[in-house]
Amino acid sequence: MPPRIHYAKIKYNRNIGPGFFRMLLACPDAAREARPGQFIMLQVSDSTDPLLRRPFSLCGIGNDTIEILFRIAGRGTSLMASWRPEQIVNFIGPLGRGFEIPETAQAVYIIAGGIGIAPLLALTQSIEQNKTIPDTCIFFGGKTAEDVAVIEDFKPLSATVFTATENGSQGFHGLVTDLFLNHLQHQRAADIDRTGVFGCGPQSMARVLGAIAGKHSITCQLSLESMMACGVGSCLGCVVKTQTIQGSGCQQPSEPGSFQYRRVCAEGPVFDSRELVWEGE
Amino acid sequence: MPPRIHYAKIKYNRNIGPGFFRMLLACPDAAREARPGQFIMLQVSDSTDPLLRRPFSLCGIGNDTIEILFRIAGRGTSLMASWRPEQIVNFIGPLGRGFEIPETAQAVYIIAGGIGIAPLLALTQSIEQNKTIPDTCIFFGGKTAEDVAVIEDFKPLSATVFTATENGSQGFHGLVTDLFLNHLQHQRAADIDRTGVFGCGPQSMARVLGAIAGKHSITCQLSLESMMACGVGSCLGCVVKTQTIQGSGCQQPSEPGSFQYRRVCAEGPVFDSRELVWEGE
Amino acid sequence: MDQRAPQSDIDLSVTIAGIVLKNPVMLASGTWGYGEEISSLLDLSQLGAVITKGISLQPSCGNPPPRIVETPSGMLNAIGLQNVGFAEFVEKKLPFLRQFHIPVIVNFFGKTAGEYTELGKRLSAVEGIAGLEVNISCPNIKEGGIFFGTEPARAHELISAVRKATSLPLIVKLSPNVTDIARIARSVEEAGADALSLTNTFTGMVVDVETCAPVLAHSTGGLSGPAIRPLSLRMVWETVNAVSIPVIGIGGIMEAADALQYLITGARAVQIGTALFIRPDAPLRIIEGIEAYLRHKGCSTLQEIIGCLKVK
Amino acid sequence: MDQRAPQSDIDLSVTIAGIVLKNPVMLASGTWGYGEEISSLLDLSQLGAVITKGISLQPSCGNPPPRIVETPSGMLNAIGLQNVGFAEFVEKKLPFLRQFHIPVIVNFFGKTAGEYTELGKRLSAVEGIAGLEVNISCPNIKEGGIFFGTEPARAHELISAVRKATSLPLIVKLSPNVTDIARIARSVEEAGADALSLTNTFTGMVVDVETCAPVLAHSTGGLSGPAIRPLSLRMVWETVNAVSIPVIGIGGIMEAADALQYLITGARAVQIGTALFIRPDAPLRIIEGIEAYLRHKGCSTLQEIIGCLKVK
Ligand SMILES: Cc1cc2nc3c(=O)[nH]c(=O)nc-3n(C[C@H](O)[C@H](O)[C@H](O)COP(=O)(O)OP(=O)(O)OC[C@H]3O[C@@H](n4cnc5c(N)ncnc54)[C@H](O)[C@@H]3O)c2cc1C
Ligand SMILES: Cc1cc2nc3c(=O)[nH]c(=O)nc-3n(C[C@H](O)[C@H](O)[C@H](O)COP(=O)(O)OP(=O)(O)OC[C@H]3O[C@@H](n4cnc5c(N)ncnc54)[C@H](O)[C@@H]3O)c2cc1C
Ligand SMILES: Cc1cc2nc3c(=O)[nH]c(=O)nc-3n(C[C@H](O)[C@H](O)[C@H](O)COP(=O)(O)O)c2cc1C
Ligand SMILES: Cc1cc2nc3c(=O)[nH]c(=O)nc-3n(C[C@H](O)[C@H](O)[C@H](O)COP(=O)(O)O)c2cc1C
Ligand code: FES
Ligand code: FES
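Here the protein sequences line up with chains E, X, Y and W, keeping their order. Numbering-wise (this note's numbering), the first sequence opens with residue 1 and increments by one. Numbering-wise (this note's numbering), the second sequence opens with residue 282 and increments by one. Numbering-wise (this note's numbering), the third sequence opens with residue 563 and increments by one. Numbering-wise (this note's numbering), the fourth sequence opens with residue 875 and increments by one.
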């Protein structure tokens, strides 16, 4: 189903931690179409400043509702924090390509950094509802204990949750990618082969995760962020550099090798980590 | 006292008619200084659009409070309509030169068009508090009965109120200046001499009122509106054309006669009607 | 979709460079791709015309990301004219657009004058193209683009050559990053252009104070959106006073009143760009709003208000 | 008033054209009058410097109203350089400003080159003036102003003449309404300017769709405010890359981060204009914010960040 403009009533907009909010939106049409990993473009203001819509991943998909989890990052999200139940807001969606759960997966590893947890919560929810995969582990990292505390609000999850904080205030002291790497090194290669790996977080984290996946030959689906104007694929503003597929690449005189710019909003936000070309590589 | 930035708590923001609001602000420092005819520059948004502060006349001055009466005219006033009690807002003020009640006045005529009633309510309040002038008449005009109904919310006033509506739905059918002219023609010249006349309204009304005052040799103080950027006298954006005073006029090659541009925010908003030069005259 | 324009007694049609538009509202190049993505959000068949994303002879990768950044009431873009190239456009994109039965105007550019004329010639041989919009004003590529758009003599030479290469209606899109837009406009008119589009984006920059680097990988980008509206409108005014070919107004149009400012000033039509990102259906609201305005003013044709500006 | 800048170990001082400023934040010409009105809202003694409202030899009435109109994230003004003239400025306005013990830079203009040099000469004889800012860029008067500011040769001639007329530090304020700001900047540098201020306002227009007339009596006005920030910043960048005299950044600065964008790009100081209308105390917050930024970055002098922009 192609995206539409939806007008949705806010059911709740709860402050669940310092700067973190969960907002539930009533929109049966959009809910019916939505899949984990997809996102919406929310209009945050009637004024021309802030001008552009803001992208938010779905963190939950109900029968008649969708939910987002957001963190105050600037003016748009500050405005959103003041929204009240019953208010009508509008978004374009559902947008983008979601996650694909490999049919052979016996286990799922989810690696999330900060607010990157949002789309992965929808993924977890979907896996749990379908009950086809027995084993899900979430590796969740943040700067401080407060960052990782948001997940408490989404319990009970049947998934096992491992946390990491940069300041050591909760769980593993360090980066979530290191925590994940530790874990991986204790797994048998054969088990890893049957594991689906999904990640979302800041670019630095996505990059390391992609490298880990590459080194261990794991298929890993990464949900990326990017500055977006249209969110629907028409402005070409949100591209990332990817490997050339189907010989349709393009070569720039200044840069060696063939590659392609692909749209995070349309071909993504979820990419196979092997497709991505990180600058400097 | 020079103007300051004041941070004031909203005591109430009441919808008193279709598109009309009364907002009471707690700000003892400003209230102490304020005089009828003065105004404030209110910040209407944290965003850069709308960018500029908006000017509002004081319609009431209390011991610890000032009050404004506003009508939704565009985006800034729409935002204001959504403000809630307890919210803190900020304004620069009190600004401008207020009304001056002539010491010899035995009676006061007040002529208001639409939202121009606001500063004249503060004037009426002040006259009534001082009880020096026995007789006050308010001539209040609007397009429809709804426009003039706002005055009900300010009763009891001891002043006599005459209303005029352009569609005839209440009071005199026609322009308030015609209503006033009718009234004037039944007065004795000697009485008129001892009457202070005060007006505020759209430019067309102010102009006619100025002409009436001129023709009948009445001193008339007019409160004017103008687009304002700074409100404090430093941008020269809000000027009106006035007669030259004290030989400091300036002459433009293209225009005959000597005149002066004076700032509505600093030398006004209240002007003696004889000072004003209307275009086309 | 309840996006049909109301049947009406008011005539919104205009003719530009021989292209008949049922209303003066077009989509601006580069802000709606080639239509596939926006078509579920906006009924293209209601529009006056569409201007496609700028194409070049060969496909082009465009600039590295980040390519966009928001600014006060605007945005900068440095897409760098990424596009599918002539062949794929004709084969895959144009057929999709033809189904809407509205004029399809193709925006194009080259790195050299030779590329411009060659592409102009090839496009003229393709069926289903109502006209061409030559972009001599894109600030985001090094060669071509703005190089031709800022000097009257160079613009004249280029447009004369393109004029010879095509018999299609020829619209030239001007850069606003110039001292005297009227001079460029006149030289392009003399060179044989049938109409002018203005403006393209204004060159700007944003710096990330944390990293101390420009936010855009290309350093600078083109400013679009409401922020530029007063600037583009002033340029349209100077241009309609300088030329006799029709002018199409572009820049920061979000609603009907904005479009009307351009039409009253003398633009014969308008293009909507950045607004599509915020309200993909903005063009339909604008068409409705223009019609409501004409009714309110007691006009029965759009012509009555085009260029009716009263200046002291 | 609790408006004192905190005592600090961080050195915010800069020198421009020989004028020593204790911090890089100045008030832009025309946006704060001659100080009387704003002085209850902003402690002028805390500032790096002030640039006065542009003065001419004789008092000038300016344009008829309406003179201002709001636009998205900006405003147009067409004040037309209404001012009290040289004599009254020296007699009444300058003494008031001198009490704050900060550099007073006088902005001035003329209708002819002769008026410019004459005024430059007269101002040089007045005590208490730290420097001059020549406005060759005001878009709101017919003669003078922008006439000199858009052609490199004319700008060179004018500034050479003014240079001979004064030994005061000479800052030239450039118009952004040009194709190539770097060319004008270089010719003004060659003519002997000690520093450059950019930018002045961008020419724009707004039409009232009800009356079908321009909102401003002068038809066009100059756009200022946040809307222009990315455009002015780009011009500052092009200019610092083209000249070796200091550049002062102006345009849409509302908060410290905005000022820092200019400083990082290479401006040695900044001017605050339109922001004063919304937050008269904005300059003090900006000074504090710059200081906090330097502390956060581990810098002890402002110099360390001026021009530190990293471009790929
Ligand atoms: C596909 C996708 C999914 C996302 N999902 C979530 C989510 O579930 N929860 C969440 O809290 N955040 C999410 N984000 C990030 C979120 O969009 C930004 O935090 C938000 O746009 C910030 O807006 P602001 O006005 O508050 O901040 P601003 O003051 O505008 O900017 C703060 C930072 O936010 C980023 N940003 C601003 N505008 C955009 C935009 N239009 N597109 C992308 N990034 C932008 C920029 O990096 C900027 O530096 C997602 C982003 C993308 C691209
Ligand atoms: C001295 C003075 C006293 C005023 N007192 C009152 C009052 O007591 N009650 C009341 O309701 N209104 C009053 N006004 C008018 C009020 O300022 C405008 O209605 C308000 O600014 C509109 O803002 P907006 O954003 O809602 O409208 P916009 O959408 O910005 O514009 C609507 C119209 O409002 C006017 N306007 C907008 N901005 C300004 C500005 N900065 N200065 C002047 N006019 C502007 C313009 O004419 C414009 O066409 C007064 C104006 C002045 C100059
Ligand atoms: C993301 C983006 C891409 C654009 N691509 C093109 C293009 O390929 N060719 C062109 O002539 N103009 C292009 N433009 C300019 C627009 O067509 C238009 O001239 C400009 O955005 C001003 O209008 P607006 O303010 O309504 O957006 C682009 C603009 C944007 C925002
Ligand atoms: C109301 C107003 C009056 C101005 N008057 C002058 C002037 O007299 N001389 C001058 O050189 N610049 C003048 N300017 C331009 C400003 O000094 C400044 O260059 C411009 O406003 C951009 O900065 P801003 O965006 O911070 O306002 C004026 C600007 C405004 C808004
Ligand atoms: S945001 Fe426009 S193409 Fe992705
Ligand atoms: S509004 Fe600035 S001088 Fe009056």
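No lab work stands behind these hints: they were computed from the structure. Please note that the accuracy of each hint is not assured.
Below, computed lysine-lysine pairings styled on BS3-like, alpha-carbon distance capped at 25 Å [to be verified]: (1) X:K522 x W:K966; (2) W:K1171 x E:K143; (3) X:K436 x X:K412.
Verification of the supplied hints:
Restraint check: the Cα-Cα separation between K522 of chain X and K966 of chain W comes to about 23 Å, which is no more than 25 Å; the hinted pair holds. For the hint linking K1171 of chain W to K143 of chain E, the alpha-carbon distance of about 20 Å falls within 25 Å, and the restraint holds. The hinted pair formed by K436 of chain X and K412 of chain X meets the criterion: a straight-line CA distance of about 17 Å does not exceed 25 Å.
Violation of the numbered hints given earlier is absent; every hint is satisfied by the structure.
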